[in-house]
Amino acid sequence: MSNLLDEFEGIKEKNKSINAYITFSQLDDSISDGKLSGKTIAVKDTISTAGLRTTCASKMLENYVPPYDAHAVSLIKKHGAIIMGKANCDEFAMGSSTEHSAFGPTHNPHDLERVPGGSSGGSAAAIAGGLADLALGSDTGGSIRCPASFCGIVGLKPTYGLVSRYGLIAYGNSLEQIGPMAKNVYDCALLLECISDYDNRDATCVNTKRIDYTSHLEDDISGLKIAVPKEFFGPGTDSIVEKSVWNTIKKLESEGAIIEEINIESIKYSLAAYYIIAMSEASSNLARFDGLRYGLHSGKSKDWNELFSNNRKFGFGFEVKRRIILGTFSLSSGYFDEYYIKAQKVRSLITNDFKKVFSKFDVIVGPTMPTLAFKLGEKLTDPLSMYMSDIDTVSANLAGIPSISIPCGNSNSLPIGIQLMSSHFNEKTILNLGNRVEQIAGV
Amino acid sequence: MVDKKIIDPKKYSELSKIDLSPQEMEILDKQFPEILEYFDLLSKADTSEDIDSQTLSNIFREDIPKDSIADEILDIVPEKKGRFVKGPRMM
Chain H
1 MSNLLDEFEG IKEKNKSINA YITFSQLDDS ISDGKLSGKT IAVKDTISTA GLRTTCASKM
61 LENYVPPYDA HAVSLIKKHG AIIMGKANCD EFAMGSSTEH SAFGPTHNPH DLERVPGGSS
121 GGSAAAIAGG LADLALGSDT GGSIRCPASF CGIVGLKPTY GLVSRYGLIA YGNSLEQIGP
181 MAKNVYDCAL LLECISDYDN RDATCVNTKR IDYTSHLEDD ISGLKIAVPK EFFGPGTDSI
241 VEKSVWNTIK KLESEGAIIE EINIESIKYS LAAYYIIAMS EASSNLARFD GLRYGLHSGK
301 SKDWNELFSN NRKFGFGFEV KRRIILGTFS LSSGYFDEYY IKAQKVRSLI TNDFKKVFSK
361 FDVIVGPTMP TLAFKLGEKL TDPLSMYMSD IDTVSANLAG IPSISIPCGN SNSLPIGIQL
421 MSSHFNEKTI LNLGNRVEQI AGV
Chain B
1001 MVDKKIIDPK KYSELSKIDL SPQEMEILDK QFPEILEYFD LLSKADTSED IDSQTLSNIF
1061 REDIPKDSIA DEILDIVPEK KGRFVKGPRM M
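Here the protein sequences line up with chains H and B, keeping their order. In terms of the working numbering, the first sequence opens at residue 1 and continues consecutively. In terms of the working numbering, the second sequence opens at residue 1001 and continues consecutively.
Possibly wrong hints are sitting among the right ones.
Just some of the chain B residues that point at chain H, by a computed CB distance under 8 Å [to be verified]:
| hint | residue |
| --- | --- |
| 1 | Pro1009 |
| 2 | Ile1035 |
| 3 | Phe1039 |
| 4 | Thr1047 |
| 5 | Gly1087 |
To be clear, the hints were calculated from the coordinates, so they are not data collected in a lab. This structure is a prediction, so every number in the text was calculated from the model and none was measured. Note that beta-carbon positions come from the ideal geometry of N, C-alpha and C, so glycine has one too.
Given only the sequences and the hints, what does the whole structure look like? Please build it.
So this is what it looks like as structure tokens:
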């Protein structure tokens, strides 16, 4: 532990160029027992930590100190992890690049002029930059997997309901999960074991049997049936990404996995369905930020309408405002059926299609992101282009299925991630296959 | 093609209780039609068949008082009177 205290100043110095952390913890020299004993961890700043500032990367919560721990945080403390600090992210988890933060963007440690991905970009960059062993992120539409892919680390979005959302400050509450991020599959599986404890304070947490994910990593993969949807290699996919992912798929085939290309037609609607549902939920979930009980309070005003509108004008960044307003529109009278209800019906279509695929196949495989990490500022003035980068990840959130990103290659030192998805509560299979990918990809 | 007139940032920002600057209003006025045109892709999806994609059940617990952190929560409230949160004028 005294080594860590010595290294802490170095970590803070290195953070100045990466900006992975918004707030650092006060470390002491105590070490606790547990599965995560001695391991350092970055916690995404949308996850509540008692006594440690939690900003959601927003001016709205710039000075907010939660009075309680998220369930996942109490679990990592119980298992002996050392919380280094609160990781930077897109404001209220709304973004794919960690550029929409009131505390400045995070830089990709592989190329400081590029984005780390988002919204859990600080969590991923902390690991990739050697500033933490592990991280907690959250994933509403790809926010763990995208930065894992861009930063060359492992990130898993659990099945909806496996990990308690108690203490996760909500953005899209029917879509999101807290999940583990790590340098390798073993550590990712270990962290998932620690945080996937049932919690009755989250009514959407499912009381199903939890397993030791680390015990199944070396299971034989021969005979595993892998589906590769053509829709995940759409027109916007970089050829280098496609080549790297297919190289890995071919290697899995040579190990005995059975590969088949398929079509899942409804995936083409997933991005539109996701954004309508997520923005609608955001409109509702962020209505609580009026400045009365917590958060930015802009001062006196003549009435409640002026006070709330002013607090939210100064508290929220532009991307958050854009999503709330679009969500309000989708839920409004006259448009509710055409947008929100339609999106939920399409969601059922997509979920059903995934169930049909998993009745014949064990895993679905494709690229995590259609491109390599893009340059800082490249997509900021074109929000639709930014939203399109989530095209391969959102369907897992709509269906609630588990999905992991594993590094499978790189191009000019920029990492490429392969995405593995499986049926509900089948994290064991994607961790097992992911472990094999890690061994054969040799990245 | 979505009718530009119906996507009025002013109307929906007022409904959202967010005061937008004139510059923000102008940017959203340009961006909203393109975004909503993309969302209109969903009109091509055939959702005529009823699909029950998952079994949902309500979760309840017994109404038994437990320890709370009400005091710690009240400590954060910027303006209060006793244990009441002080709010703005309603009218």
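Could you work out which of the previously given hints the structure breaks and list their numbers from low to high?
none
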